[in-house]
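The listed protein sequences correspond, in order, to chains U and S. Residue numbering for the first sequence follows numbering that gives the first Met the number 0, starting at 0 and increasing by one per position. Residue numbering for the second sequence follows numbering that gives the first Met the number 0, starting at 0 and increasing by one per position.
Please keep in mind that the hints were generated in silico from the structure rather than gathered at the bench. Computed from a predicted structure; not experimentally measured. Every residue, glycine too, gets a C-beta built ideally from N, C-alpha and C. Be aware that one or more of the hints could be misleading.
With beta-carbon atoms standing in for the labels, derived distance ranges [unchecked claim]:
1. U/F85 - S/P171: 25 to 33 angstroms
2. S/T73 - U/F85: 40 to 48 angstroms
3. S/E117 - U/S63: 48 to 56 angstroms
4. S/L212 - U/G147: 48 to 56 angstroms
5. S/H193 - U/S63: 51 to 59 angstroms
6. S/A114 - U/G176: 42 to 50 angstroms
7. U/S194 - S/L230: 33 to 41 angstroms
Listing some non-contacts, in silico: residues in chain S with all C-beta distances to chain U over 12 angstroms [what the hints assert, rightly or not]:
8. R125
9. R138
10. A141
11. H193
12. D209
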Amino acid sequence: MAMAHGGTVQRMDELAALESPAHRLDARAKAVVTFAFLVAVMSFPRHEVVALAPYVLYPVALLSLGGIPARWILKKLLVAAPFALFIGLFNPLLDRQPVALPGGLFVAAGWLSFASILARFALTVSAALALVACTGMDRLCAGLERLGLPRAFAVQLLFLHRYLFVISDEARRMRYGLALRTADGRAPSLRVYGSLLGHLLLRSMDRAQRIYGAMLARGFDGEIRILGTARWTARDALFTTGWLAFFAAARFWNLPEFAGRLLTGELR
Amino acid sequence: MSHHIVEARDVHYTYPGGHEALRGVSFRITHGEAVAVVGPNGAGKSTLLQHLNGTLLPARGEVRIGDDPVTRDTAPRIRRAVGMVFQDPDDQLFMPTVLEDVAFGPLNHGLAPEAAAERARAALERVGMSHAADQPPYRLSAGEKRAVSIAGVLALSPDVLVMDEPSSNLDPRGRRRLMELLKSFEHTKIIATHDLELVVEVCSRVILLDGGLVKAEGPVVQVLNDEPLMLAHGLERPHSLRHRHPH
Numbered sequence: 000m001a002m003a004h005g006g007t008v009q010r011m012d013e014l015a016a017l018e019s020p021a022h023r024l025d026a027r028a029k030a031v032v033t034f035a036f037l038v039a040v041m042s043f044p045r046h047e048v049v050a051l052a053p054y055v056l057y058p059v060a061l062l063s064l065g066g067i068p069a070r071w072i073l074k075k076l077l078v079a080a081p082f083a084l085f086i087g088l089f090n091p092l093l094d095r096q097p098v099a100l101p102g103g104l105f106v107a108a109g110w111l112s113f114a115s116i117l118a119r120f121a122l123t124v125s126a127a128l129a130l131v132a133c134t135g136m137d138r139l140c141a142g143l144e145r146l147g148l149p150r151a152f153a154v155q156l157l158f159l160h161r162y163l164f165v166i167s168d169e170a171r172r173m174r175y176g177l178a179l180r181t182a183d184g185r186a187p188s189l190r191v192y193g194s195l196l197g198h199l200l201l202r203s204m205d206r207a208q209r210i211y212g213a214m215l216a217r218g219f220d221g222e223i224r225i226l227g228t229a230r231w232t233a234r235d236a237l238f239t240t241g242w243l244a245f246f247a248a249a250r251f252w253n254l255p256e257f258a259g260r261l262l263t264g265e266l267r
Numbered sequence: 000m001s002h003h004i005v006e007a008r009d010v011h012y013t014y015p016g017g018h019e020a021l022r023g024v025s026f027r028i029t030h031g032e033a034v035a036v037v038g039p040n041g042a043g044k045s046t047l048l049q050h051l052n053g054t055l056l057p058a059r060g061e062v063r064i065g066d067d068p069v070t071r072d073t074a075p076r077i078r079r080a081v082g083m084v085f086q087d088p089d090d091q092l093f094m095p096t097v098l099e100d101v102a103f104g105p106l107n108h109g110l111a112p113e114a115a116a117e118r119a120r121a122a123l124e125r126v127g128m129s130h131a132a133d134q135p136p137y138r139l140s141a142g143e144k145r146a147v148s149i150a151g152v153l154a155l156s157p158d159v160l161v162m163d164e165p166s167s168n169l170d171p172r173g174r175r176r177l178m179e180l181l182k183s184f185e186h187t188k189i190i191a192t193h194d195l196e197l198v199v200e201v202c203s204r205v206i207l208l209d210g211g212l213v214k215a216e217g218p219v220v221q222v223l224n225d226e227p228l229m230l231a232h233g234l235e236r237p238h239s240l241r242h243r244h245p246h
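Make the full structure from the sequences, and use the hints.
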């Protein structure tokens, strides 16, 4: 897990350094739209599944526009999936009220809310990952700060990203050291793990201190400054208004149902 | 305003744990000098270097850069004049790409993005790393990382370069390149190192530190050639001096 994490942060930085239409968009535009996306997806009633479908468009569009490999996102989703699974696991057992499905089938309402939780999880996590992968933490934090997020929060977010890498790096070295000194693949005792964790914390703190020292040595004063000058262009405005309008439409009208009626000719 | 003179006056420092790292260090380094700080592990070299840009502040005594004493208030200004190259380049390279990393300092010092990128490119050119500008730093070799971290400091146009173990972890070719690079700088240089051959090639003066005190100070050849002194402080007389015959 720790190893995978180190790779994740590095890979995220690599993806963020790509050149694409999605990367060229202003960080503020992407942040605002993604935030609206999260709010819209979370605001649906808890049994809603079908109406969520149109929202797949946004992460898919961002990913394909940004040239981010879908496999990468899917892998991250799988890693995080158990959390969502456990949150929704008991819904089908606790909420047994029958609900009619199209085609005359009946299921417990809990299954619907369970499916809804999973759908929302997949949508929100992939949108957030797509946002960071197409923007980069530095540009994103600088953008958030310009949007009015208090500087302390923006800097915290930036450091969280940086130090995640530091901790995973230390963890990788310690795991290697442990593996070399562990006989015949036997799992070390809990006591050893406790000591390892303690060391990991201390070493990460030391290293974090040195990195912070290096930042201060080069004039860091709490303001995030980046090379790429972000300029709000017509494209950013179009991107923002277009998606906001789409999210609103998909929130107030059940677009899949609408499309279904259109196809079956019920609408006339 | 000249920041080229570095002076320590009776500097004391004790770590929070109670370890007395510096116990009255004094020296004066003038414009353009290249001075090596040598001594065994735990002599206080790194602690001393951290006092030169205000990362640590002396418990007693003072450090002066040019006319300014290093204090909490002057530290931001001092850091413009004193460029610090850290022992582990990984601690210093934290931006997503090499160019952004080198531009980090100039941006913080208020340069416009275009001007900062310009400075960063010039600094990369100076250390021969222009080709890596768009790469992520962790993809580089140890020697390249070192060169980039030096570029990151050069981009600030400091008067004084302070380096902690610049040749550690480098292969012979990387080390050779580093030495040529260091020799080409006109900055005042202060280098803490165990690499005594590097000292012989790059520096003109040596400060020998042990137990938080200056044990010897003088021209490179004179100090490093003193075999009993060197052995007494966990060092050795460099080979190149052994075989050098005075005219």
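Comparing the hints with the structure gives:
About 55 angstroms separates the C-beta atoms of U/F85 and S/P171, a value inconsistent with the hinted range of 25 to 33 angstroms. Checked against the hint of 40 to 48 angstroms, the C-beta distance between S/T73 and U/F85 comes to roughly 55 angstroms, which is inconsistent with it. A beta carbon spacing of about 35 angstroms between S/E117 and U/S63 contradicts the range 48 to 56 angstroms that was offered as a hint. In this structure the supplied range 48 to 56 angstroms holds for S/L212 paired with U/G147, their Cβ-Cβ distance being about 54 angstroms.
Remark: the range hint 51 to 59 angstroms for S/H193 to U/S63 is upheld by a beta-carbon distance near 53 angstroms. At about 45 angstroms, the beta-carbon gap between S/A114 and U/G176 stays in the expected band of 42 to 50 angstroms. Checking the proposed 33 to 41 angstroms range against U/S194 and S/L230 shows it holds: the Cβ atoms sit about 38 angstroms from each other. Against chain U, the non-interface label of S/R125 holds: every CB pair exceeds 12 angstroms, the least being about 17 angstroms.
Distance check on S/R138: its Cβ comes as close as 9 angstroms (rounded) to a Cβ of chain U, failing to clear the 12 angstroms threshold; non-interface status is violated. With a minimum CB-CB distance of about 15 angstroms to chain U, S/A141 clears the 12 angstroms threshold, and the non-interface call stands. With a closest Cβ-Cβ approach of about 19 angstroms to chain U, S/H193 is found to remain outside the 12 angstroms limit, as its non-interface label requires. A cut-off of 12 angstroms between C-beta atoms confirms that S/D209 is not in contact with chain U; the least separation is 24 angstroms.
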